[in-house]
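Student: So the protein lines, in turn, are chains A and B. So the mapping is simple: this note's numbering equals the position in the first sequence, first residue as 1, plus 42. So the mapping is simple: this note's numbering equals the position in the second sequence, first residue as 1, plus 12.
If you are wondering where the hints come from, they were derived from the structure by calculation, not from laboratory data. What you were told as hints is all true, and nothing was included just to trick you.
Some chain B residues judged to face chain A by a derived CB distance under 7 angstroms, without partners named: (1) F202; (2) A204; (3) H220; (4) P223.
Just so you know, even glycine gets a beta-carbon here, dropped at the ideal spot from N, CA and C.
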Amino acid sequence: MANRLLEVEGLAKHFRGGGNWLTSGGDSIRAVDGVSFHVEEGETFALVGESGCGKTTVAKMILLLERPTRGTISFQGEDVSRFRGGGLREYKRLVQAVFQDPYSSLNPRMQVLDIIGEPLRVHQGLRGRTLRMRVGELLENVGLNPVTASFFPHQFSGGQRQRIAIARALALRPQLIVLDEPVSGLDVSIRAQILNLLVDLQRDLGLSYLLISHDLAIVEHMSHRVGVMYVGKMVELATRDEFYGNTLHPYSNALLASVPKPDPDVPMGTTIGGEVASPINPPSGCRFHTRCPIYLETSMCREVEPDWREILSDHLTACHKVEPAVV
Amino acid sequence: MANTTMQTVAPASAWLVRVRSSLSVARRVPKIPTAVLLVLMIFALFGQWIAPHSPVAVDMANSFAPPVWHEEGTANNLLGTDKLGRDIFSRLIRGARVSLSLSLFVIALGGGVGVALGLISGYAGGKVDAVMQRGIEVILAMPTILVALVFVFAVGRSFESVILILSPFLAARFARIVRGETLSVRERDFVAIAKVIGTPTWMILLRHILPNVFNTIIVLATLEVGHLILLESSLSFLGVGVPPPQPAWGLMVADGREFLTSAYWITLFPGLCILAAVLSLNLFGDWLRDTLDPRRRQL
Numbered sequence: 043m044a045n046r047l048l049e050v051e052g053l054a055k056h057f058r059g060g061g062n063w064l065t066s067g068g069d070s071i072r073a074v075d076g077v078s079f080h081v082e083e084g085e086t087f088a089l090v091g092e093s094g095c096g097k098t099t100v101a102k103m104i105l106l107l108e109r110p111t112r113g114t115i116s117f118q119g120e121d122v123s124r125f126r127g128g129g130l131r132e133y134k135r136l137v138q139a140v141f142q143d144p145y146s147s148l149n150p151r152m153q154v155l156d157i158i159g160e161p162l163r164v165h166q167g168l169r170g171r172t173l174r175m176r177v178g179e180l181l182e183n184v185g186l187n188p189v190t191a192s193f194f195p196h197q198f199s200g201g202q203r204q205r206i207a208i209a210r211a212l213a214l215r216p217q218l219i220v221l222d223e224p225v226s227g228l229d230v231s232i233r234a235q236i237l238n239l240l241v242d243l244q245r246d247l248g249l250s251y252l253l254i255s256h257d258l259a260i261v262e263h264m265s266h267r268v269g270v271m272y273v274g275k276m277v278e279l280a281t282r283d284e285f286y287g288n289t290l291h292p293y294s295n296a297l298l299a300s301v302p303k304p305d306p307d308v309p310m311g312t313t314i315g316g317e318v319a320s321p322i323n324p325p326s327g328c329r330f331h332t333r334c335p336i337y338l339e340t341s342m343c344r345e346v347e348p349d350w351r352e353i354l355s356d357h358l359t360a361c362h363k364v365e366p367a368v369v
Numbered sequence: 013m014a015n016t017t018m019q020t021v022a023p024a025s026a027w028l029v030r031v032r033s034s035l036s037v038a039r040r041v042p043k044i045p046t047a048v049l050l051v052l053m054i055f056a057l058f059g060q061w062i063a064p065h066s067p068v069a070v071d072m073a074n075s076f077a078p079p080v081w082h083e084e085g086t087a088n089n090l091l092g093t094d095k096l097g098r099d100i101f102s103r104l105i106r107g108a109r110v111s112l113s114l115s116l117f118v119i120a121l122g123g124g125v126g127v128a129l130g131l132i133s134g135y136a137g138g139k140v141d142a143v144m145q146r147g148i149e150v151i152l153a154m155p156t157i158l159v160a161l162v163f164v165f166a167v168g169r170s171f172e173s174v175i176l177i178l179s180p181f182l183a184a185r186f187a188r189i190v191r192g193e194t195l196s197v198r199e200r201d202f203v204a205i206a207k208v209i210g211t212p213t214w215m216i217l218l219r220h221i222l223p224n225v226f227n228t229i230i231v232l233a234t235l236e237v238g239h240l241i242l243l244e245s246s247l248s249f250l251g252v253g254v255p256p257p258q259p260a261w262g263l264m265v266a267d268g269r270e271f272l273t274s275a276y277w278i279t280l281f282p283g284l285c286i287l288a289a290v291l292s293l294n295l296f297g298d299w300l301r302d303t304l305d306p307r308r309r310q311l
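Between the sequences and the hints, there should be enough to build the whole structure, so can you do that?
Tutor: In structure tokens, the structure reads:
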């Protein structure tokens with residue numbers, strides 16, 4: 043088995059809801075409530091789920107933009123929360139991010155040279171000619187003309203902007219890139235270009251990706267392993283082929299069934315009934331029981347939280363209705 | 013590939029494009045406001061050699077002389093004289109220095125401090141922000157004129173004391189507005205990415221936040237110059253502004269007030285100077301804001 047680059051164990055983030063220093067504060071919002079997974083070297087691990095399920099919060103905690111309420115994040119076997127000084131710098135060099143909206147992630151007041159050059163200046167102290175050359179190389183790596191280094195972000199299309207964001211993430215030769223919905227903000231026609239660029243870069247540079255997406259077609263195209271989140275919890279985790287071939291959890295099944303097929307004879311995907319449960323006051327027992335198609339009036343689903351079990355080898359899920367094949 | 017348009021710009025012509033675009037920026041400078049500001053700056057810097065008379069020379073025999081286009085007017089006093097027979101034209105020229113330099117000093121000192129405080133307050137958030145904002149509210153709640161009166165009586169009437177007492181009020185206004193802008197800019201993704209990269213906080217403030225709130229600062233500064241010229245004249249009127257006999261436009265307006273029906277020129281010309289200065293600064297500020305914005309620069 044490949045080395046585990048990033049390991050997340052029992053990660054949770056509760057936001058204090060409402061209220062201020064005068065009132066005692068409302069109920070806490072349990073955006074992420076006990077999530078565990080790992081990312082291996084050179085692989086793409088995909089985190090999928092509906093909006094509001096907490097997948098972006100997981101990314102923010104890994105990027106140290108939010109502090110976890112509970113749980114640990116380890117990078118190369120070391121606890122990330124203990125990093126200080128040089129260790130922290132090294133972590134910030136090795137872990138980079140590409141966000142969804144390329145209009146918000148590039149400073150409109152900076153030239154491309156300064157945008158892509160920022161990590162190089164901060165970490166390697168590059169200046170002048172050396173910086174210009176390195177930025178030129180990076181622009182070529184992502185399929186842009188080096189002349190564009192003197193342009194400003196508004197002179198590019200959305201796809202080109204996302205290429206700039208990718209070049210910036212590559213600048214320090216990182217090991218892990220967190221891709222938070224990297225193509226959701228782009229036109230459908232250029233999504234494939236960006237995805238293929240990401241796949242090529244991964245192959246050439248041995249990168250690991252943590253891909254956060256709600257688009258199951260993209261996940262199937264790019265990922266090696268898949269984790270499904272629902273209202274702050276992981277409900278299923280499997281290799282890509284296993285996930286798409288032998289889905290276990292009813293929520294994953296429903297997600298897959300809701301993807302429209304590009305075939306006029308197949309009826310539109312079925313939707314999941316009901317609404318996503320609220321993380322402020324999540325349902326008791328299994329959090330999916332309010333919408334579950336195979337839920338029967340058993341007190342089990344309603345009252346007991348299902349265990350996180352390995353059903354097949356490397357295929358975990360949390361559902362009372364799924365019986366283990368290997369013990 | 014989607015970047016064919018980029019490839020049409022060959023490296024050699026990129027230089028040409030840059031030269032051409034900087035020329036076109038120079039061509040679009042607003043002509044009249046820039047000319048007015050240049051004239052006022054020349055007056056402020058070289059007034060003592062341009063003015064035909066001393067601004068403080070009293071000539072009681074020649075008081076209330078009308079401007080040259082009136083029947084009794086003479087070319088000796090182009091814009092007439094005031095109640096003490098001082099030449100209005102000379103006083104306007106010399107007054108430019110007081111009014112403009114006072115405003116610039118207050119903008120530089122108060123505005124600079126205010127921008128720094130606003131950036132820190134907005135970016136830090138939490139307790140730092142709460143404490144700083146309460147401080148700013150205390151300053152904004154104080155009546156400017158009254159505080160200035162007490163202060164000037166305490167430390168003495170001088171050009172410097174007017175600057176010192178007006179700067180905190182200006183700093184509070186700048187800090188409040190810059191803080192609001194900072195709050196919105198710091199939520200943008202490029203700030204989050206800078207944190208992920210490990211960019212030091214001072215660099216995030218200077219390179220990411222400040223350039224994105226600069227428009228607001230420019231507009232506010234040009235508006236505040238007008239406000240300051242008026243404020244200075246109020247203080248002069250109450251006897252705590254720039255000490256006479258130094259000529260200041262606001263003071264001249266105040267002086268002529270009681271003779272408005274009989275000798276309008278004492279009030280009108282300094283008033284027009286204030287109007288011209290404030291209007292030109294605002295128009296120039298608009299141009300500067302558009303020019304500094306890379307999105308509009310290439311239009």
